[in-house]
Amino acid sequence: MDTSVITETFDTWTDDALSWISDNGEWLFEFLRSVLEGTYAGILWLLQLPPFYVVAIIVALLSWRLINLTSGILAGIAIMVCAIMGLWTETMSTLALVATATILALAVGIPIGIVAGFVKSFDRFLEPMLDLIQTLPPYIYLLPAIALLGYGPATALVATVIVAMPPAIRLTSLGIRMTPREFIELGQASGLTPWQMFTKIRLPFAIPSVMAGINQSLMMAFGMVVIAGIVGSGGLGETIYGAVRTLDIATSINAAIAIVILTMVLDRLTQSAARHAKAGVR
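Residue 63 in full-length UniProt numbering is what sits at position 63 of the sequence shown, and the numbering runs on without skipping anything.
I should point out that these hints are in silico values taken from the structure, not numbers from a laboratory. Using N, Cα and C, we set each Cβ at its ideal position, and we do this for glycine too. Hints should not be assumed to be uniformly reliable.
As the list claims (entries may be wrong) - Restraint-style ranges between C-beta atoms, simulated for each label pair:
{"#": "1", "residue 1": "W195", "residue 2": "Q134", "range": "42 to 48 Å"}
{"#": "2", "residue 1": "P50", "residue 2": "G191", "range": "46 to 52 Å"}
{"#": "3", "residue 1": "L61", "residue 2": "A17", "range": "47 to 53 Å"}
{"#": "4", "residue 1": "Y139", "residue 2": "G42", "range": "34 to 40 Å"}
{"#": "5", "residue 1": "I21", "residue 2": "L136", "range": "16 to 22 Å"}
Generate the whole structure from the sequences, applying the supplied hints.
Rendered as structure tokens:
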């Protein structure tokens with residue numbers, strides 16, 4: 001059979017299936033869009049509520065507490081640079097998108113990872129699916145989201161959640177499986193219930209790995225949010241996309257610097273929090 005016929009048939013089937021899902025599930029996708037955009041709007045309102053210097057002070061204090069005084073001063077100055085460049089609104093919009101997507105990805109990914117850590121067959125079932133998600137180009141997930149949710153933050157959030165989930169699932173599952181055998185035997189000998197075994201033994205040992213998963217999910221979310229600027233997600237990603245279209249090199253460079261600042265600050269904070277969690281287990 002001619003391969004072009006097969007390809008055309010598959011394309012037609014895909015388009016028809018997507019149209020059927022869109023037509024029959026319109027109410028569901030409208031509800032999902034409202035929930036996603038409402039959550040994003042709430043987090044954005046909360047981030048934009050204090051002045052930029054208050055946010056910079058909070059970030060500086062967190063960095064000082066989790067890392068050291070030098071890092072705290074540099075982090076505070078770096079956050080203020082975003083405001084000095086005139087990109088504070090866009091920076092907070094990007095942070096809101098990343099925070100919303102990461103929270104949703106963790107809310108789904110961590111429970112799945114816990115189950116995968118206990119059930120080996122489920123973990124083996126998930127592995128090829130997670131490999132596929134992480135192998136495909138990230139912008140691929142924007143296409144069906146656009147068809148079902150239209151342009152806007154909801155589409156960006158769905159695509160970002162898909163990209164950010166695999167690290168949380170993998171590292172949570174790994175953390176659950178890494179519990180030392182002698183501690184499990186000690187819990188069993190002590191007569192702990194399965195829930196007590198999980199909360200008092202397995203979960204504390206898994207926390208460092210879970211924190212590493214949170215860090216990796218956060219980084220994946222940042223990368224996807226920038227790409228999602230092409231669907232009208234707002235924030236620095238859309239600023240860069242608009243600047244590229246108009247060849248506004250200065251604006252694109254400023255937005256790129258703001259993204260680097262935001263990514264580096266949050267990366268250092270979450271890495272430090274993971275180290276503290278690991279030290280606490282020891």
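*Index of numbered hints that the structure contradicts, given in increasing order*: Violated hints (numbers, rising): 1 and 4; every other hint is consistent with the structure.
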